[in-house]
Amino acid sequence: MLSSEILYKIILILAVFAVTLVVAMWSTYAERKVAAVLQDRLGPNRAGPFGILQPMADGLKMFMKEEFIPGQADKQLFVLGPCLAMLTALMTGVVIPWGGDLTIGGHAYKLQITDINIGILYLLGVVSVGVYGIMIGGWSSNNKYSLIGALRASSQMISYEIAMGLALISLIMMTGTLSLGEIVGQQDAGFANIVYQPLGFLIFLICAFAETNRAPFDLPETESELIGGYHTEYSSMKLGFFLFAEYINMFISSALIATLYFGGYNFPFQHSLGLDGNMLSMLQTFVFFCKVFFFIFFYMWVRWTLPRFRYDQLMNLGWKVLIPLAILNLFITGIVLGFRNGFFI
Amino acid sequence: MQLTNRSKQVADTKMTWLERIYLPGIFKGMMITLSHAFKKAPTIQYPEQKRPIAPLYRGQHVLKRDDAGAERCTACGLCAVACPAEAITMVAEERAKGDEKLYREEKYASSYEINMLRCIFCGLCEEACPKEAIFLTDRIVPSTFQRRDFIYGKDKLVEKMDQRIDVSLRQTNNLAEFKKNTSFAHNKTS
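Listed in order, the protein sequences are those of chains A and B.
According to this note's numbering, the first sequence is numbered sequentially starting from 1.
According to this note's numbering, the second sequence is numbered sequentially starting from 1.
Hints may contain errors.
Said to hold, decoys possible - Computed spacing ranges between beta-carbons, pair by pair: (1) A/F269 - B/W17: 36 to 42 Å; (2) B/S7 - A/L273: 55 to 61 Å; (3) A/L275 - B/A11: 47 to 53 Å; (4) B/L117 - A/S236: 34 to 40 Å; (5) B/K28 - A/F269: 51 to 57 Å; (6) B/L117 - A/F293: 45 to 51 Å.
To be verified - Non-contacting residues of chain A with respect to chain B, defined by C-beta distances greater than 12 Å in every case (computed): (7) I11; (8) M25; (9) V37; (10) V195; (11) L202; (12) F298; (13) W304; (14) T305; (15) L306; (16) F331; (17) L337.
Honestly, the hints are just simulated from the structure, not real lab data.
Even for Gly, the Cβ is constructed at its ideal location relative to N, Cα and C.
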């Protein structure tokens with residue numbers, strides 16, 4: 001039994017790894033296609049039907065490019081930067097519940113690599129480490145644009161992590177658990193958390209945009225002012241890793257938004273369909289991915305709608321708006337929970 | 001003065017609360033971008049699809065030969081004078097004995113160059129030409145990397161006898177009438 005469990009975990013890890021990479025790969029294609037559709041253009045349509053093979057061509061191009069390391073750069077750190085960005089991006093996928101239980105041979109297997117009881121803390125921790133990749137990459141490039149980009153990335157992430165953490169604390173107060181599996185389970189029994197935490201969701205969403213360095217918070221890599229920011233000096237697949245890490249982060253944060261606020265893999269009336277366990281799990285996974293893809297689309301949709309924030313506006317929004325709002329949300333949640341649990345009576 | 005109704009009065013007033021929280025504005029903007037998702041892209045997929053051009057499109061010039069294959073141009077220089085962009089240069093030369101099959105008149109252009117980067121494709125050269133020698137065609141001047149490649153000499157301008165270029169659409173009624181007048185030497189068929 002134990003060996004089958006280990007085998008199952010290995011398979012699941014590989015599957016999640018592959019799915020993450022594939023989704024990130026085709027997100028680059030989707031990004032360009034969505035941009036095109038929103039701007040009355042056609043987008044990539046030459047490589048394969050509807051340009052569906054474009055990510056392959058892009059990847060091949062990245063591999064074929066000259067691998068250049070600037071003379072003044074710190075070689076070890078220069079290589080470490082993209083590695084770290086990629087590593088932390090891929091590490092976040094392990095705690096996300098991808099679907100219900102699969103029953104194989106009378107034994108139920110969870111579609112979640114590990115349901116640790118501090119799942120949210122783990123995620124926040126790994127995401128915080130993610131900024132090191134950008135910081136190290138920007139610093140070791142020995143280029144002022146890269147350095148400014150790296151500085152912006154780190155200060156932006158630190159500022160928005162506070163608001164994000166506070167928004168999550170309200171959610172944790174409500175659910176009473178840090179495990180993502182349990183949070184999803186609770187949303188199966190009741191309503192999705194968005195119903196109870198609309199303000200928290202909004203804060204979390206805005207912070208997720210900032211955490212993944214996506215427009216309108218893409219200040220670390222502003223093409224127009226910093227020429228790519230922290231990855232100005234990067235070329236070849238090292239640049240590819242940075243860009244790829246961004247798309248993986250986008251996928252994971254979409255999955256996280258769906259998990260925390262939109263019921264994860266649950267969907268309305270799922271138990272009244274009369275499906276058996278495995279079929280229901282498959283359907284749940286499908287629904288979960290639909291939610292995730294919607295949020296990936298939402299990310300792109302926002303990117304091609306909103307202009308970039310100015311740096312002082314970014315800081316104002318983070319410190320003067322989102323953090324007070326998150327604290328207010330915390331208070332409201334506390335008071336409501338107090339009433340519900342009878343503290344004030 | 002108000003010319004159209006599209007201009008908007010800009011005011012430097014303080015933003016209202018709704019404007020300051022941005023969210024309604026963001027929502028409005030996102031609806032605008034989303035509405036564009038359902039519009040048809042105006043793209044023309046170039047190598048497969050081509051944009052229709054007018055039958056009288058003014059593109060790359062041709063120096064016509066007559067039916068016997070002799071060059072019509074007599075290097076009078078009227079086209080160069082008429083050219084507002086000063087794109088045309090030519091060198092005139094007397095026709096040598098035995099070249100009557102090659103050149104129609106006693107004088108011909110030993111060199112005839114049009115700088116396609118200067119040319120504005122206005123068609124005044126063909127209007128000025130008394131010999132019906134130069135015409136604009138519906139061919140598009142291809143792009144190259146070097147400026148010197150845009151200076152088209154006789155090798156590119158004079159039409160080849162095996163690939164004659166039809167310019168009948170560009171010949172006006174006046175011109176057709178004029179061609180019938182055989183009191184002019186060049187209207188006689190040689």
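Taking the numbered hints from earlier one at a time, note which ones the structure violates and give those numbers from smallest to largest. 3, 5, 9, 11, 12, 13, 14 and 15
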